[in-house]
Every structure is written in structure tokens, then in C-alpha cells.
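Same order as they appear, the protein sequences are chains A and B.
The working numbering puts the first sequence at residues 1 to 113.
The working numbering puts the second sequence at residues 114 to 227.
Don't take each hint at face value.
What the hints assert, rightly or not - In silico lysine to any residue, SDA-like type, Cα no more than 25 Å apart, as pairs:
no. : chain 1 : residue 1 : chain 2 : residue 2
1   : A       : K101      : B       : D210
2   : A       : K19       : B       : N154
3   : A       : K19       : A       : K101
Stated by the list, open to error - Some residues of chain B that are not near chain A, with every Cβ distance over 12 Å (derived):
no. : residue
4   : S140
5   : S141
6   : L169
7   : Q184
Read the hints as simulated data drawn from the structure, not as lab findings.
Positions of the beta carbon are idealized from the N, C-alpha and C atoms, including for glycine.
So the chains spell out like this:
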Amino acid sequence: ETGVTQTPRHLVMGMTNKKSLKCEQHLGHNAMYWYKQSAKKPLELMFVYNFKEQTENNSVPSRFSPECPNSSHLFLHLHTLQPEDSALYLCASSQGGFNEKLFFGSGTQLSVL
Amino acid sequence: AQSVTQLDSQVPVFEEAPVELRCNYSSSVSVYLFWYVQYPNQGLQLLLKYLSGSTLVKGINGFEAEFNKSQTSFHLRKPSVHISDTAEYFCAVSERDAGNMLTFGGGTRLMVKP
Numbered sequence: 001e002t003g004v005t006q007t008p009r010h011l012v013m014g015m016t017n018k019k020s021l022k023c024e025q026h027l028g029h030n031a032m033y034w035y036k037q038s039a040k041k042p043l044e045l046m047f048v049y050n051f052k053e054q055t056e057n058n059s060v061p062s063r064f065s066p067e068c069p070n071s072s073h074l075f076l077h078l079h080t081l082q083p084e085d086s087a088l089y090l091c092a093s094s095q096g097g098f099n100e101k102l103f104f105g106s107g108t109q110l111s112v113l
Numbered sequence: 114a115q116s117v118t119q120l121d122s123q124v125p126v127f128e129e130a131p132v133e134l135r136c137n138y139s140s141s142v143s144v145y146l147f148w149y150v151q152y153p154n155q156g157l158q159l160l161l162k163y164l165s166g167s168t169l170v171k172g173i174n175g176f177e178a179e180f181n182k183s184q185t186s187f188h189l190r191k192p193s194v195h196i197s198d199t200a201e202y203f204c205a206v207s208e209r210d211a212g213n214m215l216t217f218g219g220g221t222r223l224m225v226k227p
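With the rest of the complex left out, here is chain A (with noise of 0.2 Å):
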């Protein structure tokens, strides 16, 4: 356990769907990452909060959109999603200052049909 959590753990969602997900971390930490794990690529960052402001945009398209309500949790909002969306969403967390270890949370393994 690494004190993040994201959910839920899986998620089958159709082209017109809205879905969030969520993750929470109860480690004290200031700064809150989206990762997107696709088969085959590498890991790819999408957004970074730290103390709740937003100072990461990676290119992500529009149709994910983050929120950061506190330093305690970050959802990503996720709508009109296509099919080479389907990956592995990871949320991470750490201090927020450089060299920082990052936590991971489990993810979430997101299917678009």
C-alpha cells in the first residue's frame, strides 16, 4: 500500500460516455500527477498540480479534463473519449520540491469501446 488510491480499479466506457476518475492521498504531499500507461509506449505525463495549481499541460487532448479540489485529491473528467484512449491512468504523488520520490497509486484500467 502506498497510500494513494485510485477508482475505480477498471472502467468500460462507450465514445459518449462522461466518467471521472479519482485518486486520493493521504501522505502530506503537495504536488499530484496523471500518468497515461499505453501497451508498448512509455509512460506518458499528462498533468501536474502542485499546491492545487496546475503546472503541467502535456498537449493533452481536451477531452480529459483535470481537477485538483485540494492537495489531498485530483479527479481526471473524461468525455467523448476514443478507442486509443484505452490505457492504464496512473496517479502519483510526492513533496512537490525536485528529486522527489513519487508514489503511484494502482491505476486505473480504462477500456473505450
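Since chain A is already given, all that's left is putting chain B on it; use the hints.
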């Protein structure tokens, strides 16, 4: 911008044998280097990291890695693997002035056989 190449997508090895997982990176500035491990159905966990100082870094579970600046490599080694080491291993790099932005390699699947 930096990049990370893990030369082997899969490494099969027998239990108690030594193993080396290769990682090369490219960057125009100084970097920090990391190895993360992902066990089945879990998120990633930090194995070890190189920030500065001694180029030989020891991590958890008996793993170590050596930073070689001239060869821009950060290979991961273990002298004797166990079945429980079966997992996906990711090398990552961050530039020294880029906060905590990690760039990951494609991963190497270590398969330990009895």
C-alpha cells in the same frame, strides 16, 4: 528535451542468476536518474535514484545501479534474482532544473524462471 531508452523489452532469467537491465538516456543538461518497479496489478515503486556523488547507487531488494556519464547509461543490476523479482522495471530521468518532471523509458519485463 531528454529521452530514455531501455534496450530490452523482456529479459528472461533463471532464479539465483545475475541480471542486468540496461538504460541509456540523452539530455543536453545534467540529470537525475531513477529506477522504478511495477509488480503485476500495482502502481510503480521507487527502487533507487541517483542525484549526485557516488556513481554506484544501492536500492531496495538488493538492486543497485551505476551511473556512467560518458556512456550516458544507468544500468540496473542484481547479483542473484528471486521469483518475486518478476515485474516491469522502468528507468526514468529528470533534468536538474525541471522540478519533478520525469521522462520514463519503455520498460523492461524481467521474467524469473525457477
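Now the hints, each set against the structure:
1. K101(A) x D210(B): Holds, because 16 Å separates the two Cα atoms, which is no more than 25 Å.
2. K19(A) x N154(B): holds (22 Å)
3. K19(A) x K101(A): It is violated: about 29 Å lies between the C-alpha atoms, which goes past 25 Å.
4. S140: Nearest chain A Cβ is 15 Å from S140(B), so the label holds.
5. S141: holds (18 Å)
6. L169: Since the minimum Cβ distance to chain A is about 18 Å, L169(B) lies beyond 12 Å and the statement holds.
7. Q184: holds (21 Å)
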